[in-house]
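Sequence order for the protein chains is A and B.
The opening residue of the first sequence carries number 260 in the working numbering; numbering runs sequentially from there.
The opening residue of the second sequence carries number 66 in the working numbering; numbering runs sequentially from there.
It is worth saying that the hints were derived from the structure and are not from the lab.
Since the structure is predicted, the reported quantities are computational estimates derived from the model, not experimental observations.
The beta carbon of each residue, even a glycine, is placed where N, CA and C say it ideally should be.
Any given hint could turn out to be false.
Calculated Cβ distances over 10 Å to all of chain B for the following chain A residues [claimed, not checked]:
1) 282
2) 426
3) 434
4) 448
5) 460
6) 468
7) 478
8) 570
Here chain A is said to cover these stretches of chain B; the calculated rule only asks that three of the stretch's residues, wherever they fall, bring their Cβ under 8 Å from a Cβ of chain A [as the list claims (entries may be wrong)]:
9) 101-108
10) 132-139
11) 256-264
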Amino acid sequence: MIKLLLAGVPRTGLLMLAILLALFVALPFFVSDYLVTVLFLILYFAFVGQAWNIMMGFAGQLSLGHALYVGLGAYAAAALYVHFGISPWIGLWASMGISAVAGAIIGFLAFRFGVGGVYFAILTIAFAEFARIGFDHFTWVDGSSGFFLPVANYTENDLWNLRGSTRMFYYLMLGMTVAALLACHALLRSRAGYYWLAIRESPEAAQALGINIFKYKMYAVVLSAAMTSLAGVIFAFFYNNLFPEQIFHISRSIELILAPIIGGVGTLAGPLVGAFLLTALAEGLREVMLQLGVDVPGVKQVFYGICLLLVVMFLPDGVWPPLSKLLGLDRKTPDREG
Amino acid sequence: MAALLVVDNVSKSFSGLRAVQDVSFTVPAGEIVALIGPNGAGKTTCFNLIAGVYRPDQGEVRFADQRIDGWRPDQICRAGIGRTFQLVKPFAGLSVLENVTVGALNASASVPEAQDRSKAVLDKLGLWSKRDRTAGALTLPERKLLEVARALATGPRLLLLDEVMAGLRPTEVNTMVSLFRELNASSGLTILLIEHVMRAVMALSRTVVVLHHGQVIAAGTPDEVTRNPAVLESYLGEEAL
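Looking at chain A on its own, in the form it has when it is part of the complex (with noise of 0.2 Å):
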């Protein structure tokens, strides 16, 4: 098993692997609370761009609306918690489900009638916004005054409740980036992963080569949803509030597509890559203005647009394409084998 998902990947490329997962475990034992958080948006941003990738970087469909699947399954989990005392590791399943279906009627609507490109794109921020509109009325979750999760003081971790300190769920965030690049290296090396990128590059041509193109649109967009979904519980009890304001908000979906953009639509590290830069240069500049004692709002936003800016202008395909091939970790295929 191990075998198979590692199949494939240079030797120097597993070296590197292994050194920044040691480093990511090790990392919480010697720095602040404050640097904790950092790294966990690090690797919440490197998740959900994992997940938008299949779509996008993979199938080549673009979905602007996201923040639907983070915020449906941050719902779901959070009131089966409030409301019955559910656990998240179960509610996550109703959160997955929820969320698939959900991605399941726009792609049935996209793809059945045609809908393509920008269209299509268009059609992922109006579902957005029909779920923030109508969580503003959903009293059942409190509306549009919030939906909050009872914070108490606990004095350990309670990993079946996600009850806990930031470490704990620092370690949970690097346990699931690190399933989801398996699972996206996996999935690249797969009939589907295959399927998808010639989806991607010509429909047309997919087609005549005997794919079903609809049917492989629809599981890319299924499992991307329901992975989507996972990043929203834990959103959800990481933070203890949920504003549908906030969480279905267009912003919210353009945030998270900006580190695989910036890393490179779909490579496998392009979205670690590019959660990394984004987060780690935009903590910095944060604290830098501290420092200097500058207090602009909105910094952050513009932060963001110059580095998109600057990548979509200098590095089109993202940041880790050209970065790889300096790392000597482009791959090639061996001659001839026995």
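Starting from the known structure of chain A, fit chain B onto it as the hints suggest.
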């Protein structure tokens, strides 16, 4: 020999323009049949009707004794018809090997099996040395070969070739011709080709079907059709006489 493909009285109009009118022809199993005619005669429309891109307004398309008109292109590919596109459609961002592997998955149970299959096809077409190249970086003749490789990798019983030799140099045409001959002879692959390069048509096909204004105006051996006055007038030109 039994007919593998039967096109029976097929018509297709595009907003009033009758692109294909009552076209009938058959492709016997194991043969190479050419579809020729001037530009706009309806050859590519015919292909698209067979390959499932369009649904005929009337008439039937039968493949291996099964009606396939109205099926989706992917269903038709899985039934055993591989096609190339006149305007090549490589998966530009993928490597040559990945391009062919996508096709090979149609006939393989697993990815490793598909990769082995692709290797064999790339070897046969002389593209193995270019396996790691991005398809978008290939030259036109290489892209045409890749188009053929991908279609072949799907494991078809019938291969539809849409002007794969257009724009190739004479030596490249010769290579392609001998390749298709060899495929036809060794594995009994049936081929239906649209071609303007008459030298290739003459060298390859046993039967030639001539389309003009969406209708079949002649069909027969290459010798017969090239002597047919209607064909000479509409397509090959008077000077060929």
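How the hints compare with the structure:
For residue 282 (chain A), the condition that its CB be more than 10 Å from all CB atoms of chain B holds, with the nearest at approximately 32 Å. Chain B leaves residue 426 (chain A) outside its interface by the beta-carbon criterion, the shortest separation being 39 Å against a cut-off of 10 Å. Residue-level check passed: residue 434 (chain A) sits 27 Å from the nearest beta carbon of chain B, beyond 10 Å. Under the 10 Å C-beta cut-off, the non-interface status given to residue 448 (chain A) relative to chain B is violated; the minimum distance is some 6 Å.
Residue-level check failed: residue 460 (chain A) sits 4 Å from the nearest beta carbon of chain B, not beyond 10 Å. Not every beta carbon of chain B lies more than 10 Å from that of residue 468 (chain A), the smallest distance being close to 5 Å; the non-interface claim is violated. At roughly 15 Å from the closest C-beta of chain B, the C-beta of residue 478 (chain A) stays outside 10 Å, upholding its exclusion from the interface. Non-interface call for residue 570 (chain A) relative to chain B: holds, since the shortest CB-CB distance, roughly 18 Å, exceeds 10 Å.
Given a C-beta distance limit of less than 8 Å, the hint that chain A covers the stretch 101-108 of chain B is violated, as 0 residues qualify and 3 are needed. Remark: the stretch 132-139 of chain B is confirmed as covered by chain A, as 3 of its residues place a Cβ nearer than 8 Å to a Cβ of that chain, reaching the required three. Interface restraint, the stretch 256-264 of chain B with chain A: violated (0 residues with C-beta to C-beta distance below 8 Å; minimum three).
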